[in-house]
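If you read the sequences in order, they're chains A and B.
Counted from 1, the first sequence has number 205 at position 90 by my numbering; the numbering is strictly sequential.
Counted from 1, the second sequence has number 121 at position 113 by my numbering; the numbering is strictly sequential.
Wrong hints could be hidden among the right ones.
Claimed, not checked - Restricting the straight-line Cα-Cα distance to at most 20 Å, the calculated cross-link-like pairs of lysine to any residue (SDA-like) are:
1. B/Lys-63 with A/Gly-220
2. B/Lys-63 with A/Asp-176
3. A/Lys-190 with B/Arg-161
4. B/Lys-140 with A/Arg-179
5. B/Lys-140 with B/Pro-100
6. B/Lys-24 with B/Glu-122
7. B/Lys-63 with A/Asn-180
8. B/Lys-63 with A/Lys-327
9. B/Lys-63 with A/Val-177
10. B/Lys-63 with A/Pro-237
11. B/Lys-140 with B/Glu-47
12. B/Lys-208 with B/Ile-219
13. B/Lys-140 with B/Gly-53
14. A/Lys-303 with A/Lys-327
15. B/Lys-63 with A/Thr-277
16. A/Lys-190 with A/Pro-237
17. B/Lys-24 with B/Thr-14
18. A/Lys-309 with A/His-126
19. A/Lys-190 with B/Ala-149
20. A/Lys-155 with B/Leu-62
21. A/Lys-155 with B/Glu-64
22. B/Lys-63 with A/Lys-190
23. A/Lys-375 with A/Gly-320
24. B/Lys-140 with A/Asp-248
25. A/Lys-308 with A/Arg-125
26. B/Lys-140 with A/Lys-327
27. B/Lys-63 with A/Asp-219
28. A/Lys-296 with A/Lys-327
29. B/Lys-43 with B/Ala-149
30. A/Lys-155 with B/Asp-13
31. B/Lys-63 with A/Asp-254
32. B/Lys-24 with B/Glu-205
33. A/Lys-155 with B/Arg-161
34. B/Lys-63 with A/Lys-375
35. B/Lys-63 with A/Glu-335
Since the hints were made in silico from the structure, they are not lab data.
Next come the chains, spelled out residue by residue.
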Amino acid sequence: MSDSSQPIHRHLIAVVGKGGVGKTAFTALMTTILVRNRYKARILAIDADPATGLPIALGVDVRRNMGEVRDEIIKTARTAKNERKVELANMLDYMVFETLIELDGYSLIAMGRSEADGCFCPVNDLLRAAIEDLSSSFDIVLIDGEAGLEQINRKVMRNVDTLITVTDLSVRGFQAANTIKKIADSGKVVKCKKLGLVVNRVKPGEEELASKSAKETGLELLGFVPEDENLARYDSTGQPLLEIANTSPSIVAVAEVLRKLELVQIK
Amino acid sequence: METFDTYIERLRDYLKDIEKQAPVLEIECPSEIDKLLQESPIRIGSQEKANIILKEDTAVELGNPSLASCAFILWTSNLQLLKDGRITLVGPDIPESIGQSLPFAQILLIGGSEIKDQHHLVLEQHQLISNKIEGYMIRLAPQRHRMWTRVSRVAAEKGFSFETLGKALMAIYKSELRMIEASEVVFITSSKEDIRELEKIASEVNEIKNIALAKRFGKTEDGFYECISDVADCSVCPEQLICDEIRDIIRLRRKSKAST
Chain A
116 MSDSSQPIHR HLIAVVGKGG VGKTAFTALM TTILVRNRYK ARILAIDADP ATGLPIALGV
176 DVRRNMGEVR DEIIKTARTA KNERKVELAN MLDYMVFETL IELDGYSLIA MGRSEADGCF
236 CPVNDLLRAA IEDLSSSFDI VLIDGEAGLE QINRKVMRNV DTLITVTDLS VRGFQAANTI
296 KKIADSGKVV KCKKLGLVVN RVKPGEEELA SKSAKETGLE LLGFVPEDEN LARYDSTGQP
356 LLEIANTSPS IVAVAEVLRK LELVQIK
Chain B
9 METFDTYIER LRDYLKDIEK QAPVLEIECP SEIDKLLQES PIRIGSQEKA NIILKEDTAV
69 ELGNPSLASC AFILWTSNLQ LLKDGRITLV GPDIPESIGQ SLPFAQILLI GGSEIKDQHH
129 LVLEQHQLIS NKIEGYMIRL APQRHRMWTR VSRVAAEKGF SFETLGKALM AIYKSELRMI
189 EASEVVFITS SKEDIRELEK IASEVNEIKN IALAKRFGKT EDGFYECISD VADCSVCPEQ
249 LICDEIRDII RLRRKSKAST
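Chain A with its partners taken away, still in its complex shape:
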């Protein structure tokens, strides 16, 4: 990782995949490894999944989310007769900073959902600009997205360095991976420099099938994450994944993915 004498290259990673394939647990494990091996890197995790599971997996209590900020901006812009643009801009920076949760070794922002009716593209643009601004102060930004890339593109970021698609062995999971590849290749939504696939919950004996299906997507296979009963236990008891042992099979596999992406050098 970077030390204080080297220029720090900012790395943006988005993790997407069909709901239910274990994407959030994967992102939580990535966060855990990065935090444990971060040296001086500043890490920001963004929960951009409307189903919002990342904070729970990390054991974080979210008080404010960006959806609320968005609603407040829209409300203020609608009702305040004299609200001046410049004051709204200030208020946005203040509220975004309130939404940032600073923890041990990393920070977290939850995008949440918005109650306000309507699309309000300019508001999305505004919030996205604020998030991009905020991210520029961090070295590694990890975004937990959803299957469609629209949420990320509209509300979080337009360009990332690495886009990781997570799937399990189900047909639907791989179908979603195919769709994501098509969308990403078009370059119109969430431009990325590197695209990869991670196959999750692989049981012993299933590796060959997983490799074959992975190849058919045309995505670079970044690795398998084995079925891990330890992880399942953490999940069902609601224990934060940040506490999982380094030797647990799932985290070992995720560390390998990060090593492949050159994001960590684990001794």
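Following the hints, complete the assembly by docking chain B onto the known chain A.
For chain B alone, kept in the frame of chain A given last:
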């Protein structure tokens, strides 16, 4: 103009009351900009965009939303009401508060014979000078008169104190806004209760500001709204963006009419 003269008086009364319970420090600083900047331990001036200061890099936090915070500006054309160059601090200073998060109030007193109602927003906006002060980050919510700031470890190690901040504020204000002839700063970090007291003044000031600014657009006889501001320089007007956008539309219309 004397819009806020009574509030300056109220502030003085408030400070007299507080003196009875909390330590008050008064620092007299020079009036001239270069003298104010002379011995600053940190860099002051136009820099690149300031990055946020994360918790791990923070030496002292001021005005976190979970505590109390209050920030506003009082201005007057009567220079007698101010003590130019004075910094008043009620409560602990920064070097003695390393690692702490304090309640925070900042009141800027500005004097200038040419200052008018329409200048209020410009004065207020300049509170966001964090990109000009090394190691100091500011988040401002003006309509709620709240200010949340952080002093970085690096700045604290260099000796950043309220004297540093006060001098920087006065210097920046005077150099950016020529109409300012005198400036004074009050900082309060003593307690949440002390700051709550100030919020009453702050919300009244805010109301007055809103009313005064609404007058910027006057209705003409034909029923149209017109900018009646006598601020000659549009670049200091916060509404410039709107005006520019409308001018763009006018230009586009002319263009499309010309081509038909």
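Structure-based check of each hint:
Our distance criterion of 20 Å between C-alpha atoms is met by B/Lys-63 and A/Gly-220, whose separation comes to about 10 Å. Note on B/Lys-63 and A/Asp-176: the hinted pairing holds, with a Cα-Cα distance of about 18 Å set against a maximum of 20 Å. Under the criterion of a C-alpha separation no larger than 20 Å, the hint pairing A/Lys-190 with B/Arg-161 is inconsistent with the structure, at around 38 Å. Among the hinted pairs, B/Lys-140 with A/Arg-179 is inconsistent with the structure: their alpha-carbon atoms are about 30 Å apart, more than 20 Å.
Restraint check for B/Lys-140 and B/Pro-100: not satisfied, since their Cα atoms lie roughly 24 Å apart, outside the 20 Å limit. The suggested pairing of B/Lys-24 with B/Glu-122 is violated, with an alpha-carbon distance near 29 Å, which exceeds 20 Å. For the suggested pair B/Lys-63 and A/Asn-180, the alpha carbons sit about 19 Å apart, so the restraint of at most 20 Å is met. Restraint check: the Cα-Cα separation between B/Lys-63 and A/Lys-327 comes to about 47 Å, which exceeds 20 Å; the hinted pair is violated.
Between B/Lys-63 and A/Val-177, the direct Cα distance comes to roughly 17 Å. Compliance with the 20 Å bound is thereby established for this hinted pair. For the proposed pair B/Lys-63 and A/Pro-237, the alpha carbon gap of about 31 Å is over 20 Å, so the pair is violated. Between the alpha carbons of B/Lys-140 and B/Glu-47 the distance comes to roughly 16 Å, so the proposed pair stays at or under 20 Å and holds. Between B/Lys-208 and B/Ile-219, the direct Cα distance comes to roughly 17 Å. Compliance with the 20 Å bound is thereby established for this hinted pair.
Annotation: proposed proximity of B/Lys-140 to B/Gly-53 holds, straight-line Cα distance about 5 Å (limit 20 Å). Taken as a hint, the A/Lys-303 and A/Lys-327 pair is broken in the structure, with Cα atoms around 28 Å apart against an allowance of 20 Å. Using a Cα cut-off of 20 Å, the hinted pair B/Lys-63 and A/Thr-277 is violated, with the two alpha carbons roughly 27 Å apart. Distance restraint check for A/Lys-190 and A/Pro-237: the Cα-Cα separation of roughly 14 Å lies within the 20 Å cut-off, and the hinted pair is therefore satisfied.
Our distance criterion of 20 Å between C-alpha atoms is met by B/Lys-24 and B/Thr-14, whose separation comes to about 15 Å. Distance hint between A/Lys-309 and A/His-126 is fulfilled; the C-alpha atoms sit about 11 Å from each other, no more than 20 Å. Of the supplied pair hints, the one linking A/Lys-190 and B/Ala-149 holds, its CA atoms being roughly 16 Å apart against a limit of 20 Å. A C-alpha spacing of about 13 Å is found between A/Lys-155 and B/Leu-62, which places the hinted pair at or below 20 Å, so the restraint holds.
Annotation: proposed proximity of A/Lys-155 to B/Glu-64 holds, straight-line Cα distance about 11 Å (limit 20 Å). Proposed proximity of B/Lys-63 and A/Lys-190 is contradicted: the alpha carbons are some 30 Å apart, above 20 Å. Restraint check: the Cα-Cα separation between A/Lys-375 and A/Gly-320 comes to about 23 Å, which exceeds 20 Å; the hinted pair is violated. Between B/Lys-140 and A/Asp-248, the direct Cα distance comes to roughly 18 Å. Compliance with the 20 Å bound is thereby established for this hinted pair.
At roughly 13 Å between alpha-carbon atoms, A/Lys-308 and A/Arg-125 fall within 20 Å of each other, so this suggested pair holds. Distance check on the hinted pair: B/Lys-140 and A/Lys-327 sit about 57 Å apart at the alpha-carbon level, beyond 20 Å; violated. With a CA separation close to 10 Å, the supplied pair B/Lys-63 and A/Asp-219 stays within the 20 Å bound. Taking the CA atoms of A/Lys-296 and A/Lys-327, the gap is about 17 Å. The hint holds against a cut of 20 Å.
Restraint check for B/Lys-43 and B/Ala-149: the C-alpha separation of about 31 Å exceeds 20 Å, so the hint is violated. At roughly 51 Å between alpha-carbon atoms, A/Lys-155 and B/Asp-13 are farther apart than 20 Å, so this suggested pair is violated. About 15 Å separates the Cα atoms of B/Lys-63 and A/Asp-254, which keeps this hinted pair within 20 Å; it holds. Pair hint B/Lys-24 plus B/Glu-205 holds up; C-alpha atoms about 13 Å apart against a cutoff of 20 Å.
At roughly 15 Å between alpha-carbon atoms, A/Lys-155 and B/Arg-161 fall within 20 Å of each other, so this suggested pair holds. A threshold of 20 Å between alpha carbons decides the hint, and for B/Lys-63 with A/Lys-375 the separation of about 31 Å lies outside it, so the pair is violated. For the given pair, B/Lys-63 sits about 38 Å from A/Glu-335 by alpha-carbon distance, which is inconsistent with the 20 Å threshold.
Violated hints, listed in ascending order, are 3, 4, 5, 6, 8, 10, 14, 15, 22, 23, 26, 29, 30, 34, 35; each of the other numbered hints is respected by the structure.
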